[in-house]
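Enquirer: As a plain string of letters, each chain reads:
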Amino acid sequence: MCNQTVGLVAAELERHGIVTVALQLLRSVAEKVRPPRSLCVPFAHGYPLDTPGDAERQRAVLRGALGVAALPGPGPVLVDLPVGSGA
Amino acid sequence: MATASELSLPVRVFLRGYRWRRIDPVPFAALARPIEECKVGLVSSAGLVLPGMTPFDGTLRGGDSTWRSIPSDADGAALIDGHRSDSFDHGGMNSDPELVFPLARLRELAAAGEVGAVAPRHASCMGAITATGRLVKETAPEIADRFVEDQVDVALLVPV
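Protein chains in written order, with this note's numbering: chain A, 1 to 87; chain B, 1001 to 1160.
Bear in mind the hints are in silico, worked out from the structure with no lab data behind them.
Among the hints, erroneous ones may be present.
Reference listing, derived: stretches of chain B covered by chain A, where coverage requires no fewer than 3 residues with Cβ under 8 Å from a Cβ of chain A [stated by the list, open to error]:
1) 1017–1029
2) 1051–1058
3) 1068–1079
4) 1094–1107
5) 1148–1155
Bear in mind that the values here come from a model prediction, so they are computed numbers and not experimental data.
Where is the CB? At the ideal position from N, CA and C, for every residue including glycine.
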């Protein structure tokens, strides 16, 4: 349900003029709910930024999300973070 | 990527008949400036609260749609896991809250000039919401109003 919750909040933020990127752990849910901009991450439930304590890896996931923020519309924009991606 | 097969059997059975809330039309805001100049805020659905805050109510039918404002200078290590779901491993977020609320990581990106600034306030909500009416009509607009007030350019949303 978390994937839907962040997607619905993201939509309202976008209606207010704020660019959003929602990380998504379940691509199938992102396809149904359709958040404006999503980065699908290849990690398990409970681990949206991958590895606990790995600051560089976590920053890399954030960089990936920020990259999606800069992509042109229209939405929904759905991007997969490649497995093993450093960015 | 996570799969629905990781979830418990009762949850999978519930989701089989669940009607997801489809966003239509899909709003799409334009990025007004380069990311390096943007103020960035966080929204986490991990149900986190700071000490002294009212915990999320895990007993509410349909889920607790309230939210908590997390100040940017909060000690991320002090965040308390209040997520009611037992469908995922809480071990990661309990050992490292940055995993679901990456406030220190965001500060590091700002210090490195990769984003313009960190928003002064962020949002924490409960992701386990099956009845989404109040979330859409009240909570999300409240969060949006707060972010607009704080002149946030970009919001990163983290599910768990």
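Enquirer: It remains to establish, for every hint, whether it holds in the given structure.
Expert: Checked hints:
Figure legend: the region 1017–1029 of chain B, annotated as covered by chain A; annotation consistent (9 residues with Cβ-Cβ distances under 8 Å, at least 3 required). Only residues whose beta carbon comes within less than 8 Å of a beta carbon in chain A count, and the region 1051–1058 of chain B has 0; fewer than three means the coverage is violated. A count of 0 residues in the region 1068–1079 of chain B with a Cβ less than 8 Å from any Cβ of chain A is obtained; the coverage claim is therefore unmet, three being the minimum. Look at the region 1094–1107 of chain B against chain A: 9 of its residues bring a Cβ nearer than 8 Å to a Cβ of that chain, three or more, so the hint holds.
Coverage of a stretch by a chain is defined here by at least three residues with a beta carbon nearer than 8 Å to that chain's beta carbons; for the region 1148–1155 of chain B and chain A the count is 5, and the condition holds.
Taken one by one, the earlier hints fail for this structure at numbers 2, 3, listed in ascending order.
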